[in-house]
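Trainee: Sequence lines, in order, name chains U and C. For the first sequence, this note's numbering gives the first residue as 156, with consecutive numbering after it. For the second sequence, this note's numbering gives the first residue as 156, with consecutive numbering after it.
FYI, nobody ran anything at the bench for these hints, they're computed from the structure. Be aware that one or more of the hints could be misleading.
Since the list gives no way to pick out one identical chain from another, each pair is judged satisfied if it fits inside one copy or across any two copies.
As the list claims (entries may be wrong) - Each computed SDA-like pair below joins lysine to any residue, with the alpha-carbon atoms no more than 25 Å apart:
1) Lys402 <-> Pro227
2) Lys275 <-> Val183
3) Lys275 <-> Ser229
4) Lys402 <-> Met156
5) Lys275 <-> Gly228
6) Lys402 <-> Tyr217
7) Lys402 <-> Glu266
8) Lys275 <-> Val178
9) Lys275 <-> Ala223
10) Lys402 <-> Ala205
11) Lys402 <-> Val213
12) Lys402 <-> Glu321
13) Lys275 <-> Leu164
14) Lys402 <-> Ser215
15) Lys402 <-> Asp291
Here is what each chain is made of, one letter per residue.
Number of protein chains: 2
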Amino acid sequence: MGALHAGHLSLVEQARSENAIVVVSVFVNPIQFGPGEDFERYPRDAGRDASLMARAGVDSVYHPPVAAMYPPGSSTRVHVAGIGDPLEGAARPGHFEGVATVVSKLFMAVEPDRAYFGQKDAQQVAVIERLAADLDFPVEVRVCPTVREPDGLALSSRNGYLSPAERQAAVSLSAALRLAAEAFASGERRPERLQGILRARLEAEPLARVEYAEVVDPRTFRPPGTLAVLAVRVGSTRLIDNLDLSKGFSG
Amino acid sequence: MGALHAGHLSLVEQARSENAIVVVSVFVNPIQFGPGEDFERYPRDAGRDASLMARAGVDSVYHPPVAAMYPPGSSTRVHVAGIGDPLEGAARPGHFEGVATVVSKLFMAVEPDRAYFGQKDAQQVAVIERLAADLDFPVEVRVCPTVREPDGLALSSRNGYLSPAERQAAVSLSAALRLAAEAFASGERRPERLQGILRARLEAEPLARVEYAEVVDPRTFRPPGTLAVLAVRVGSTRLIDNLDLSKGFSG
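All chains should be built: construct the whole structure from the sequences, respecting the hints.
Mentor: And the structure:
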């Protein structure tokens, strides 16, 4: 969706190391935003994005206008049931349908051999893997690690919405994940305890409001499992993060 | 879906005349059948189909098993809103979602330059045209005329379900379309009159039970328009037929 940061550029770097040609799509997709969400104010800076991509060695940028992607009368939607229903799917009705639809169109337009997504949006990646398998897209979905700020905050174009105080409060997500991973490494396996550790750290932060904090199976996104997934509102900004507790925290 | 008849073979013939290579898919698609519909008893005769296709000059047959198309865990569905909602969409909930999903997969597997469908399933064709445009499939959808028996009955693999008495009653569909087309040719444009002509002819047939008989816009499948569309149960067999009244009856 543009507003490129080092997380996006790590995808480009990985793609460049594995492919002859790298295409980046830049498209703020209206149908994956719900009513009242931040479609209008989502950051857009095509000029800055273009120069970052040129420097990163991107061969081609696919930057279609909304009216080309969704002309009048268009009405087809791709829905991934099951894995897309809980968590982000429940919190943002229609979100994954918008994602699955636009990714189908982007796959069709670019016909990539491999497509690169960030682990930051773990459930989105799972939805896209399911979609690619189910609709027989001849694409290999590659997942790249979450890139973090030095204090642990996962990079996100939405971090720019945060006030300085909120920016400080936002570290609570990665801090909670780190604490749960430490408990896991010490042998803690009880789901309610791991969830309790996540919630306690998040709820200690007055500017944060937990939407969900769960430990789920990374294949189904249902409990029980080892993938800690968080959605937290910091001020009016909604942030997500996740960590496979069995793999531990790094970055 | 196999159980090939002369309607299918006319699609092959058209395809052969316009392309170097002709691929036919043969797949009775479980997800486009509703509960209580005829998925189990739908006619299947792969041997006969294969010899008909060989004789018709088909280069390749794609005949996947159900478990390959819908392996355990698969959960993605393609939904075409709007044009797929009324008429067949209302009478058979989930039907067009099943059609749109399997056609997406077939398009992905075969990557055809052109795909051939029969006018007999007019709304299905409209759904597929919408789908192909919306998901950017690089395919040209070609529509071939309905092939009819000498007495007017549109060819359908389901005609084989009819008893001799039902087979006679089934001519009421094409007879109703012909009467409406004659009225249209004589200047009749009042929707309720055209619909009345359709219904009167169908209701004169004791073995027929009308599901819908409407005159709709061929682009939206909503009234008003010039496309007469029928769904009629003859005995326990559900038959459909259609005719653009402005083009008249032939065949």
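Trainee: Should Lys275 paired with Ala223 be assigned to within, between, both, or neither, using CA atoms and 25 Å as the limit?
Mentor: Intra 29 Å, inter 32 Å, cutoff 25 Å: neither.
Trainee: Classify it for me, Lys275 with Val178: is the Cα-Cα distance of at most 25 Å met within a copy, between copies, both or neither?
Mentor: Close inside one copy (21 Å), not across copies (42 Å); limit 25 Å.
Trainee: What label fits Lys402 with Tyr217 when the C-alpha limit is 25 Å: within, between, both, or neither?
Mentor: neither (35 Å within a copy, 43 Å between copies)
Trainee: Cα distance capped at 25 Å. Does Lys402 pair with Pro227 within a copy, between copies, both, or neither?
Mentor: neither (47 Å within a copy, 28 Å between copies)
Trainee: Should Lys402 paired with Asp291 be assigned to within, between, both, or neither, using CA atoms and 25 Å as the limit?
Mentor: neither (30 Å within a copy, 39 Å between copies)
Trainee: Within a copy, between copies, both or neither: which one fits Lys402 and Ala205 at a CA-CA cutoff of 25 Å?
Mentor: The answer is neither: 35 Å in one copy and 53 Å across copies each exceed 25 Å.
Trainee: Reference check for the pair Lys275 and Ser229, CA-CA at most 25 Å: within, between, both, or neither?
Mentor: between (31 Å within a copy, 24 Å between copies)
Trainee: If the cutoff is 25 Å on CA atoms, where do Lys275 and Gly228 land: within, between, both or neither? Let me know, please.
Mentor: between (34 Å within a copy, 24 Å between copies)
Trainee: Within a copy, between copies, both or neither: which one fits Lys402 and Met156 at a CA-CA cutoff of 25 Å?
Mentor: neither (29 Å within a copy, 48 Å between copies)
Trainee: My question is about Lys402 and Val213: at a cut-off of 25 Å on alpha-carbon distance, are they close within one copy, between copies, both, or neither?
Mentor: neither (31 Å within a copy, 53 Å between copies)
Trainee: Given identical chains, is Lys275 near Val183, meaning Cα to Cα at most 25 Å, within a copy, between copies, both, or neither?
Mentor: within (18 Å within a copy, 40 Å between copies)
Trainee: If the cutoff is 25 Å on CA atoms, where do Lys402 and Glu266 land: within, between, both or neither? Let me know, please.
Mentor: Neither way: Lys402 and Glu266 sit 33 Å apart in one copy and 40 Å across, limit 25 Å.
The earlier numbered hints that this structure contradicts are 1, 4, 6, 7, 9, 10, 11, 12, 14 and 15.
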